[in-house]
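Visitor: Sequence:
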Amino acid sequence: MREFNLALLGKWCWRLLVDKEGLWFRVLGARYGMEGGRIRDGGRRGSSWWKDITRIREGGELEGGWFGDNVSKRVGDGSDTLFWTDPWVEGIPLCERFGRLFNLAETKSQTVAEMFLRGWGVEGEDQSSDRWQWWPDPDEGYTVRGAYQILTTQVSATMDDAEKLIWHSQVPLKVSFFVWRLLRDRLPTKANLVTRGILSPTAHLCVSGCGTVETAHHLFISCSVFGSLWELVRSWIGITSVDPTSVRDHFVQFTYSAGGSRAQRSFLQLIWMVCVWVVWTERNHRLFRGSTSSSHQLLDKIKLFSFRWLKSTSATLAFNYHSWWSNPMLCLVLV
Numbered sequence: 001m002r003e004f005n006l007a008l009l010g011k012w013c014w015r016l017l018v019d020k021e022g023l024w025f026r027v028l029g030a031r032y033g034m035e036g037g038r039i040r041d042g043g044r045r046g047s048s049w050w051k052d053i054t055r056i057r058e059g060g061e062l063e064g065g066w067f068g069d070n071v072s073k074r075v076g077d078g079s080d081t082l083f084w085t086d087p088w089v090e091g092i093p094l095c096e097r098f099g100r101l102f103n104l105a106e107t108k109s110q111t112v113a114e115m116f117l118r119g120w121g122v123e124g125e126d127q128s129s130d131r132w133q134w135w136p137d138p139d140e141g142y143t144v145r146g147a148y149q150i151l152t153t154q155v156s157a158t159m160d161d162a163e164k165l166i167w168h169s170q171v172p173l174k175v176s177f178f179v180w181r182l183l184r185d186r187l188p189t190k191a192n193l194v195t196r197g198i199l200s201p202t203a204h205l206c207v208s209g210c211g212t213v214e215t216a217h218h219l220f221i222s223c224s225v226f227g228s229l230w231e232l233v234r235s236w237i238g239i240t241s242v243d244p245t246s247v248r249d250h251f252v253q254f255t256y257s258a259g260g261s262r263a264q265r266s267f268l269q270l271i272w273m274v275c276v277w278v279v280w281t282e283r284n285h286r287l288f289r290g291s292t293s294s295s296h297q298l299l300d301k302i303k304l305f306s307f308r309w310l311k312s313t314s315a316t317l318a319f320n321y322h323s324w325w326s327n328p329m330l331c332l333v334l335v
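Quick note on the numbering used here: the sequence shown kicks off at 1 and runs consecutively.
No false leads were slipped in.
Here are the simulated lysine-lysine pairs, DSS-like style, with alpha carbons at most 27 Å apart:
(1) Lys301 <-> Lys311
(2) Lys51 <-> Lys108
(3) Lys311 <-> Lys174
(4) Lys164 <-> Lys303
Since the hints were derived computationally from the structure, they do not count as laboratory data.
Please put together the full structure from these sequences, using the hints given.
Guide: Structure below.
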């Protein structure tokens with residue numbers, strides 16, 4: 001039933017994209033205001049129905065970005081495609097791929113056609129109208145039935161699967177409680193604070209400066225600044241995996257990505273919790289202290305914290321910090 005309700009709400013998200021001339025769109029725009037070509041989430045003034053729709057639009061549901069991951073903009077003459085915020089290049093908005101350049105842009109609501117006239121070398125495919133595409137069915141577009149099939153057939157970890165991994169004997173209790181809140185989307189991210197009416201709707205952007213709404217999924221998984229940390233961590237550990245579309249799936253997949261012994265799974269479980277803790281701490285330092293660490297500095301913190309957590313519960317570790325720094329998987333053989 002939940003998946004069917006999400007599919008129905010997703011239909012409204014689709015109409016937000018393809019039916020901007022409709023009376024209902026103008027009414028919602030007048031009530032909640034427009035920003036970057038989109039209707040704002042409304043903050044405290046938003047109805048529960050509208051909040052549900054904006055959560056799906058922003059990828060804030062437990063299923064992650066199932067809607068946003070399946071839509072893209074096909075450019076015709078470029079007059080109805082926002083250069084920075086519409087996903088017209090490989091399905092990813094340029095503001096996410098080039099966050100710093102986006103922040104420097106004087107006008108963030110230019111269309112592709114306008115940028116072409118300004119000499120950016122951007123040109124549409126032809127003189128037809130721009131249009132939105134639903135990747136699972138480009139011809140028919142979004143349907144409730146098709147969305148329901150996506151939601152019910154995608155492989156997703158249950159909350160029980162993830163909850164079993166929260167409590168780890170070598171992880172500080174405060175971090176386990178933090179992860180518990182993260183998996184339920186109860187952290188005070190900017191998006192959540194706007195929804196609760198604590199922040200104004202204009203204060204919802206990620207603290208990294210990437211120009212995207214700061215949801216939990218964005219901050220820990222898809223942010224162009226913090227998200228790059230996962231690739232560095234995988235390189236350090238020596239594993240390969242992809243980033244699933246939900247925080248919960250990411251936790252479970254990362255923990256089991258190396259297969260192997262229980263010790264390896266326990267290690268990856270710990271590393272994942274170190275990573276999200278370091279990201280959240282860095283987020284707060286940027287927000288409240290104005291200090292900034294690079295991705296490699298954050299990786300160094302992950303190495304240091306993980307070693308300290310292991311050391312605190314096993315004073316007789318058979319490896320030193322240098323060995324842990326250079327080859328953690330090899331160190332596990334010595335545990």
